[in-house]
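The listed protein sequences derive, respectively, from chains A and B. Residues in the first sequence are numbered consecutively from 28, following my numbering. Residues in the second sequence are numbered consecutively from 27, following my numbering.
Among the hints, erroneous ones may be present.
To be verified - DSBU-like, lysine-lysine: derived pairs with alpha carbons at most 35 Å apart: (1) A:Lys593 <-> A:Lys662; (2) A:Lys474 <-> A:Lys377; (3) A:Lys123 <-> A:Lys87; (4) B:Lys172 <-> A:Lys425; (5) A:Lys154 <-> B:Lys172; (6) B:Lys38 <-> A:Lys456; (7) A:Lys302 <-> A:Lys123; (8) A:Lys216 <-> A:Lys480; (9) B:Lys38 <-> A:Lys482; (10) A:Lys600 <-> A:Lys616; (11) A:Lys87 <-> A:Lys117; (12) A:Lys480 <-> B:Lys172; (13) B:Lys38 <-> A:Lys474; (14) A:Lys567 <-> A:Lys302; (15) A:Lys303 <-> A:Lys154; (16) A:Lys272 <-> A:Lys302; (17) A:Lys597 <-> A:Lys627; (18) A:Lys627 <-> A:Lys600.
Rather than coming from a laboratory, the hints here were simulated on the basis of the structure.
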Amino acid sequence: MANPNGIGASVRRREDARFLTGRGTYTDDISRPNQTHAVFVRSPYAHARIRGIDAGEATKAPGVVAVLTGADMEADKVGSLPCGWQIHSKDGSPMKEPPHFPIARDRARYVGDAVAVVIAETREQAKDAAELVMVDYEELPAAVTSVKALDGAAPQVHDDVTGNLCFDWHLGDAAAVDAAFAQAAHVAKLDLVNQRLIPNAMEPRAALGEYDRATGEHTLTTTSQNPHVIRLLMGAFVLGIPEHKLRVVAPDVGGGFGSKIFHYGEEAVVTWAAKKVGRPVKWTAERSESFLTDAHGRDHVSHAELALDQDGNFLALRVATIANMGAYLSTFAPSIPTYLYATLLAGQYKTPAIYAEVKAVFTNTAPVDAYRGAGRPEACYLIERLVEVAAAETGIDKAEIRRRNFVPASAMPYQTPVALQYDTGDFAKNLDIALPMVDYAGFAARKAESARKGKLRGIGFATYIEACGIAPSNVAGALGARAGLYESAEVRFHPTGSVTVFTGSHSHGQGHETTFAQLVAERFGVPIENVEIVHGDTSKIPFGMGTYGSRSLAVGGSAIVKAMDKVERKAKKIAAHMLEAAETDIEVKDGRFVVAGTDKALSIGDIALQAYVPHNFPLDELEPGLDEQAFYDPKNFTYPNGCHVCEVEIDPETGVVEVVNFAAVDDFGRVINPLIVEGQVHGGLVQGIGQALYENCVYDEESGQLITGSYMDYCMPRADDVPSFAVQYHEDQPCTHNPLGVKGCGEAGTIGASAAVMNAVVHALSDLGVTHMDMPATPERVWQVIQRHSHAQAAE
Amino acid sequence: MPCTVSMTVNGKAVSREVEERTLLVTFLRDHLGMTGTHVGCDTSQCGACVVHVDGRSVKSCTILAAQANGASITTIEGLAAADGTLHPMQAAFREHHGLQCGFCTPGMVMSAIDLVKDNPTPTEQDVREGLEGNICRCTGYHNIVKAVLAGAEAMQGGSVKAAAE
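Please build the complete structure, drawing on both the sequences and the hints.
Quick look at the structure:
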């Protein structure tokens with residue numbers, strides 16, 4: 028490696044210095060002179076008509092500056108929060124897209140729906156006054172679960188959405204699937220629920236609105252993964268503020284996991300209110316509000332069938348899924364159970380025919396949108412559970428049945444029957460690496476040892492593939508995306524050779540300030556400490572799409588490479604001029620610009636200085652400056668893939684599931700910073716284990732009250748709930764269509780882990796006759812399953 | 027009813043008039059402007075707000091500022107040496123990539139230091155159980171555990187800051 032801080036080095040993170048000393052700047056850390064505080068009055072009912080709001084007492088309370096309602100927003104012509112992706116139903120009709128106002132106007136549609144906002148001198152005063160806002164509600168019956176909401180008798184969430192059906196979409200070749208099923212030697216069937224989760228980034232959402240009367244400029248500081256998207260959506264669709272008068276800043280952001288992609292009503296409210304009250308307005312969610320109002324994730328109810336021939340080869344897959352959208356369409360909600368889900372149903376297998384139907388449903392619950400993995404964990408969980416069922420039913424070893432059906436590396440690029448073209452992947456290799464990591468051959472002995480202790484033991488696999496860096500823009504547009512999906516970068520050399528990189532990607536834990544700087548250090552031989560990465564401020568960076576879908580390095584990093592290409596081309600021109608050589612004779616070696624075949628050479632620092640002190644440039648041929656911008660639009664998705672294996676031990680007396688061994692083998696293409704990549708995997712795994720064993724968002728099915736509304740009720744995985752992990756990756760299959768060969772690593776852990784854990788749990792319980800249980804496998808549920816089956820066995 | 031609260035924060039005497047209901051974490055963040063200590067929940071579960079009160083780790087959202095009257099408080103801002111040298115636990119978190127978004131980190135580091143004070147040579151299981159009151163959503167705890175084990179060892183090494191604690 029030429030540069031100790033270049034590509035492939037586990038450079039210690041540069042951002043840690045401020046985070047470890049309490050000097051990070053998160054949105055709630057920012058306070059402005061004369062600032063006010065906003066507290067929202069939220070619906071205590073899942074569904075209610077708002078007959079009137081009496082803010083009289085609240086307005087008179089100490090410190091109150093204003094009490095504002097949906098009617099005030101309507102009077103100011105504030106629009107609806109837009110949806111960024113349009114799906115068309117089977118019959119060609121567009122999805123139902125009812126309005127979603129930042130503050131509800133006539134009806135509240137979920138517990139937590141905002142109905143008014145109190146703005147006061149202090150947070151406490153605003154909270155006190157919010158208690159005094161009298162809302163006259165007429166409680167209405169609620170449609171809470173997706174399956175019941177589709178039943179014709181269910182209450183209507185929106186008057187003009189018949190049967191609460193947002194869209195009825197499909198993908199694949201139904202006739203081919205039917206024909207294959209008719210020929211099948213065996214059909215494996217499974218009903219399964221992918222339960223609703225609450226993302227729970229540790230930093231609650233927050234927003235600070237400011238308005239400068241002198242310049243007419245609005246500034247929103249917010250907990251966002253993509254400030255430009257917020258600026259576009261809020262400016263153009265909600266508040267009618269042109270981009271040059273609207274700055275959106277996402278400073279340090281304390282985790283996102285998808286939940287901070289979306290444009291939320293509170294952002295529009297504080298921006299609008301700041302102008303109205305003539306003072307900065309800050310809102311910070313309490314955790315209870317986060318539980319109620321952050322977009323939730325998953326919530327699928329599915330039926331799946333896999334047709335196999337007599338040798339265990341997969342012939343066809345048929346899937347029907349009901350996806351809960353919640354009360355309104357969040358920014359990217361419709362894309363999650365469709366193009367990020369059904370397109371992944373091929374998994375790693377060469378299943379020739381696939382057909383999926385997805386019904387999206389409105390309910391009186393919080394909106395549902397992307398949560399780490401976003402559609403892909405749901406697809407992986409469905410396929411991998413079904414494959415495990417098929418293995419059990421056919422008696423074929425679960426590793427072998429997978430191996431038999433893998434798309435072989437030699438078949439790449441591979442066109443799946445569900446729209447994607449995988450570029451690379453060696454799935455058998457992942458499995459080969461993983462098996463010895465868990466001593467698969469020794470499992471039977473370990474199971475016997477567990478049995479001697481009175482414990483049940485199981486081992487489960489998940490071989491996953493995901494599509495990351497949603498792309499290219501023209502394809503995404505054809506599929507319903509209302510935005511482009513490129514990324515921007517600007518690489519600016521300064522006169523004395525230091526570099527500022529402006530990126531449209533956003534870091535909220537991913538360590539871009541380190542990884543992106545490594546790219547520059549590697550390319551130009553610049554000391555890493557001389558490279559600054561700037562992100563998260565629309566007034567500084569070119570229009571960028573932000574960070575989601577594991578896209579930052581594959582798309583944002585590629586944009587940086589493209590900008591560096593331009594810098595290099597310009598630097599060559601300058602070098603040729605300085606060295607009095609032909610441009611074609613300039614070669615770049617280890618970051619130095621050399622005249623081929625000579626010892627004449629310049630460093631990029633020498634060139635940068637000349638670029639800004641161009642005393643003798645031929646100005647008609649060579650502009651001063653060394654500052655280049657690029658927009659990179661990917662040619663295809665990237666396809667990270669891997670094999671996760673989980674081994675669990677279950678205490679039948681208590682139902683407690685212990686993850687005793689977990690191995691993850693991943694193919695992320697080329698790895699820039701192994702330390703950071705492994706950290707991403709660890710975190711993802713625990714979110715996946717969290718879904719499998721602990722987390723569950725529960726609404727009361729009648730009242731629509733959120734039962735799991737705090738950390739006392741919603742079980743977050745803690746340090747003593749999870750093991751340490753064995754994590755490996757290989758770099759043999761670099762992505763073929765981006766300049767770095769990278770695939771993305773942010774969501775992989777979450778995508779593979781839930782399925783691997785549940786396969787292990789069901790395997791452990793299989794001796795009792797258990798063939799499936801839904802997540803989460805909490806002690807109580809496991810214990811009940813054990814009791815039920817033990818009694819059933821005893822009765823036989 | 028306002029009341030006057032006085033305490034020592036990171037070695038500096040401070041005094042403010044606050045509402046009686048003011049929590050210690052609100053006092054630190056909103057009244058002193060020391061925003062290194064974070065608020066991640068409203069049920070005293072997440073541990074992002076952990077500080078040391080007279081040398082013991084305390085969730086600063088569970089006590090009133092008035093209850094800390096006269097106490098000596100150490101926050102994440104007060105851990106590193108005056109010359110910027112990180113406390114061994116801070117250094118270990120950096121070395122072992124024990125943080126990602128950084129939001130739970132201040133509480134995690136403060137809890138870890140108190141844990142090691144009680145148990146200077148913890149096992150992995152001791153660390154996992156000892157950090158049960160701190161939630162991290164990013165790291166999966168793997169590298170936090172590694173960092174705390176390494177930090178514990180470094181603290182025994184008698185580095186400058188550890189000796190001063």
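Cross-check of the supplied hints:
{"no.": "1", "hint": "A:Lys593 <-> A:Lys662", "in the structure": "holds (19 Å)"}
{"no.": "2", "hint": "A:Lys474 <-> A:Lys377", "in the structure": "holds (32 Å)"}
{"no.": "3", "hint": "A:Lys123 <-> A:Lys87", "in the structure": "violated (42 Å)"}
{"no.": "4", "hint": "B:Lys172 <-> A:Lys425", "in the structure": "holds (33 Å)"}
{"no.": "5", "hint": "A:Lys154 <-> B:Lys172", "in the structure": "violated (41 Å)"}
{"no.": "6", "hint": "B:Lys38 <-> A:Lys456", "in the structure": "violated (59 Å)"}
{"no.": "7", "hint": "A:Lys302 <-> A:Lys123", "in the structure": "holds (33 Å)"}
{"no.": "8", "hint": "A:Lys216 <-> A:Lys480", "in the structure": "holds (34 Å)"}
{"no.": "9", "hint": "B:Lys38 <-> A:Lys482", "in the structure": "violated (56 Å)"}
{"no.": "10", "hint": "A:Lys600 <-> A:Lys616", "in the structure": "holds (16 Å)"}
{"no.": "11", "hint": "A:Lys87 <-> A:Lys117", "in the structure": "violated (54 Å)"}
{"no.": "12", "hint": "A:Lys480 <-> B:Lys172", "in the structure": "holds (30 Å)"}
{"no.": "13", "hint": "B:Lys38 <-> A:Lys474", "in the structure": "violated (59 Å)"}
{"no.": "14", "hint": "A:Lys567 <-> A:Lys302", "in the structure": "holds (23 Å)"}
{"no.": "15", "hint": "A:Lys303 <-> A:Lys154", "in the structure": "holds (20 Å)"}
{"no.": "16", "hint": "A:Lys272 <-> A:Lys302", "in the structure": "holds (13 Å)"}
{"no.": "17", "hint": "A:Lys597 <-> A:Lys627", "in the structure": "holds (18 Å)"}
{"no.": "18", "hint": "A:Lys627 <-> A:Lys600", "in the structure": "holds (15 Å)"}
When the structure is compared with the earlier hints, violations turn up for hints 3, 5, 6, 9, 11, 13 and for no others.
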